Amino acid sequence: MSEPEGRGAAWTEERGTSDEGRRHVKAPRGERETQTPLLEVRDLVVYHGQLRALNDISLRVFPGEVYAIIGANGAGKSTLLRTIAGLNHPVTGTVLFDGEDVTRLRPEHRATRGIVMVPEGRRLFGSLSVQENLQVGATYARSGPWRIDRVYELFDWMRERRNQQTAQLSGGEQQAVAIGRALVANPRVLLLDELSLGLAPVVVQRIYGMLPQILATGLTVLLVEQDVSQALRVASRVHCLLEGSTTLEGEPGDLTPERVEAAYFGLGGTTAGDGSADGGNGGQPVPSAGHRPADAAPSADGGSEQLWPG
Amino acid sequence: MAWVNAIIQGVLTGGLYALFACGLSLMFGVMKVVNLAHGDLAVVAGYLAIGVITVTHIPVLWSFIIVVPVMAVLGYVLQRTLIQGALDRGVLTTLIVTFGLSIVIENGLLQFFTANSRAIGTGLPLVSGSFKVGSQIQIGYLLVIIFAVAVVVLLGLQYFLSASKYGRLIRAVADDKEAAQLAGADYRHVFGIAAAIAFATVALAGIFYGMYSQLSPTTGTDTILLFAFAAVVIGGLGSLWGTLLGGVVLGVAQQIGAQINISNEVLAGYIVFLAVLVLRPQGLTSRRTQS
Amino acid sequence: MSLVAETTARPAETVRVTRSRRNVAWTGAGALIVVVVMALLPYIVYSGTTSIIVQGFIVLTLASMWNLLAGYAGLVSVGQQAFVGLGAYLVLILAIHGTSPFAALPVAAIGCGVAALPMWWLVSRLRSGYFAIATWVLAATIMLIIEKFSSVGGGTGMPLPGLSGFSSVLLTAYTYWAGLAVTTVALAAIYLMLRGRPGLVLTAIRDDEVAARSSGARVGLARLLVFVVAGAGCGTAGAVLAISQLQVNPGAVFSVQWTAEMAFATIIGGLGTIEGPILGTAVYMILQQTLASYNAWYLIILGLVAIAIALWSRRGLWGLIDEHLHLRLFPVGYWLWPGGEKPPQSRLLSRLLSRLRRPRP
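Protein chains in written order, with numbering that gives the first Met the number 0: chain A, 0 to 309; chain B, 0 to 290; chain C, 0 to 360.
No lab work stands behind these hints: they were computed from the structure. One or more of the hints may lead you astray.
Dumping the calculated EDC-like pairs for lysine to aspartate or glutamate here, alpha-carbon to alpha-carbon at most 20 Å [to be verified]:
hint : chain 1 : residue 1 : chain 2 : residue 2
1    : B       : Lys164    : B       : Glu177
2    : B       : Lys164    : B       : Asp175
3    : B       : Lys31     : B       : Asp185
4    : B       : Lys176    : A       : Glu107
5    : B       : Lys31     : B       : Glu177
6    : B       : Lys131    : A       : Glu107
7    : B       : Lys176    : A       : Asp148
8    : B       : Lys176    : B       : Glu264
9    : C       : Lys147    : B       : Asp221
10   : C       : Lys147    : B       : Asp185
11   : B       : Lys31     : B       : Asp174
12   : B       : Lys31     : B       : Asp175
13   : B       : Lys164    : B       : Asp185
14   : B       : Lys164    : A       : Glu119
15   : B       : Lys164    : B       : Asp174
16   : B       : Lys31     : B       : Asp87
Source: prediction; values computed, not measured.
So that you can see chain A by itself, here it is in the shape it has in the complex:
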């Protein structure tokens, strides 16, 4: 594992992970309410085969924000991001981008509109070199500030190794290339799916440390993150999913750790959207009548009417 020696301010941990780094990109609350959201999702319902993965999810992302979606494994976070990117198809609900309904649009057309995703697990083109990966990302790029050269400035180790096969890079380096590949398309909204997966915490922090520079060019970021504290550190707003339903939404500054924990695990019954922990029953297969999944809210009445609306 050859981590490149940190060079330049980009790699220091101080930058970009502090409140300061985050605060200046977030619009004050009042202003936000009058803006039109850049990305909006309304009442999204998505199935995985017979499983209901997303249950009436709605959210809005405003320009310049860092919007984080958190939740346990299988909560539906990646499904949500993939649906926004166009790889999954909702049964009902809409995805709106800059006011335009893009729900029926193919992923490649969403990318050229400005919705670009960095997929879970990096998914670089294995037989292509670093530079070639970036070149593919730039093939159908919109016009904008990001070019391959600028990506090399952002990750300054990359230029020297641009002709290497991506399989020879470390996990963190691959993640950087994946982000670069998305950036050169000049997106308006950058979707980041589980950046931290498989990476050492130090590396993760370095990568999140890039965010301010990315945001400074006018991008908006919608990210999915399993590491809650990391998400809370960088996000201007947070959205928690549990078994396909929304359990919490708000600004990190307003949330107590207890509330977040409760929303994440579905404990107590005091989370936002009270009945949501037992309503819909998102990512669970149908339990038989009278049974409840062990980790669901204990306040559930055990009644079976709502279990399977299908």
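Dock chains B and C against chain A, hints included.
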């Protein structure tokens, strides 16, 4: 000396086989499509060339210029419609559809052109002649030309894939078509381009085959398809130069078989093919471990 | 409600499981009647007609086998003609040595089943496309090897000895009955296999191979069984072919055309159902007879229709019928009746039964 002649013959024939095989390899490598109609497409190109020459009386070389682009367009259209439709429904459907296409093409040719073999007369004494090396080795000009063309085509393909925008896209889509979509690429279009290239190379090979040997409606499956596949498998999927190596190995094996007994020519090739399939399915050049 | 909800929403005793949606117990009797009627045909119709029907038997057997391979085990073989040829040659070899070709039929079946084993060893690890090509190469190789033996006619083949003692009409009749017997046994074998444990394993593989493996299903064994049965079935059909043609010619018996015919008949009729090949063979025979004078046309049309059906109507003609009538002549699936309902009996049968039970005034 007969053996040396045979081996040279085998090596040179490998060029023709490689020309047949590279399109098959491309389609399988990029789209994961085993095009069972691949050989028949070569025959179609050959018949088209014959038709064009018969009707317009243009010199043979012009038939290349007309037929190859036509086949390329046909490839793009067929890929975007039939083959993509089959791919969307699964591997089984793809095999069934390409097999059906093969049978339809063969019987169509049979119906319209009868079962008689045809050849494309080159009319050029240079091409149908041969030269001597030393006192006992005789090499046909045509075969050398075909080998040279095959090498040029492979070089061109390699350059295209490594250095051009669409070449990169093709390789990217072959690696991960979803990730390519996320980068803004419509993989169906990229598949179409790959198919167009495959059809163009197989058309080239088919016309040459018509000059070198003879074409009949069943040549596609009798001879071409299995040989093309043998070249791909022996050489190793994923490597263009592997298909040349595979073609050469196949050609040499066939010639050795023929030296033992003339009726063993085709059989020898099949036996080598089966041996590779069983013992080393990833081929001679591949680094990967399974097909 | 979804299937999961249906099965878990009520206590177990009140859910009834049957093998078919309608009470089709009488189709077993029906099948028997059909076979008996078919057996009587040579007494009723001209030998020209029975010859045509024999062709139908051959194609039906082949199609059923291809359906077993592709529709149930997911194995697309483009080399079944290897067994057709092997079966024909087994009969030829035995006939040359004095055995009656009719007596050679079971030998052909067993011989081809055994021959399938080393072939499976060669191709079993290959995936779909490679598997298809490998079976094709194998068939071509076997043909080339057999052509080397002049004792069985070399490259041109030879006539089938041992049948000259029969009168023409009698021979046609015996051939017909042989074909009928082979087809009936083949269909019965497939039905029993699919209805039993192998069928369960095959359906599980079809739905999700990884899950099937991890539940302990012997995937490899099930596929091997299918390959052997299909080999035996195709070989027996090849044996009937030899008898009906009265000669064995390598180019004819090893032709890939056989695979084309069995594949197209299956796909048009419906892949993955036992009834499908029957319907498909009927369509095939009709097309072949009407277009016989147009040579290659019937294969062109058959091919185009098969492509169209594979793309747009995956379950074939029988699938369309099944959707609307919920008819299964060969019940191999399971149906769920929550609340303990009974499957609807056919009205005709229930009227008959009630009349039998009630004493007549």
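Hints, one by one, checked against the model:
1. At most 20 Å may separate the alpha-carbon atoms for a hinted pair to count; B/Lys164 and B/Glu177 meet this at roughly 18 Å.
2. In summary, the hint linking B/Lys164 to B/Asp175 is supported, as the alpha carbons are separated by about 16 Å, within the 20 Å threshold.
3. A hinted pair counts as satisfied when its Cα atoms are at most 20 Å apart, and B/Lys31 with B/Asp185 qualifies at roughly 17 Å.
4. Among the hinted pairs, B/Lys176 with A/Glu107 is consistent with the structure: their alpha-carbon atoms are about 11 Å apart, no more than 20 Å.
5. Simply put, B/Lys31 and B/Glu177 have alpha-carbon atoms about 15 Å apart, close enough for the 20 Å limit, and the pair holds.
6. A threshold of 20 Å between alpha carbons decides the hint, and for B/Lys131 with A/Glu107 the separation of about 58 Å lies outside it, so the pair is violated.
7. For the given pair, B/Lys176 sits about 25 Å from A/Asp148 by alpha-carbon distance, which is inconsistent with the 20 Å threshold.
8. For the hint linking B/Lys176 to B/Glu264, the alpha-carbon distance of about 41 Å lies beyond 20 Å, and the restraint is violated.
9. Under the criterion of a C-alpha separation no larger than 20 Å, the hint pairing C/Lys147 with B/Asp221 is consistent with the structure, at around 18 Å.
10. At most 20 Å may separate the alpha-carbon atoms for a hinted pair to count; C/Lys147 and B/Asp185 exceed this at roughly 52 Å.
11. Between B/Lys31 and B/Asp174, the direct Cα distance comes to roughly 11 Å. Compliance with the 20 Å bound is thereby established for this hinted pair.
12. Note on B/Lys31 and B/Asp175: the hinted pairing holds, with a Cα-Cα distance of about 12 Å set against a maximum of 20 Å.
13. Proximity of B/Lys164 to B/Asp185 is assessed by CA-CA distance (about 14 Å); at most 20 Å being required, the pair is judged to hold.
14. Distance check on the hinted pair: B/Lys164 and A/Glu119 sit about 26 Å apart at the alpha-carbon level, beyond 20 Å; violated.
15. Proximity of B/Lys164 to B/Asp174 is assessed by CA-CA distance (about 15 Å); at most 20 Å being required, the pair is judged to hold.
16. Distance restraint check for B/Lys31 and B/Asp87: the Cα-Cα separation of roughly 12 Å lies within the 20 Å cut-off, and the hinted pair is therefore satisfied.
The structure fails hints 6, 7, 8, 10, 14 (numbered hints given earlier, in ascending order).
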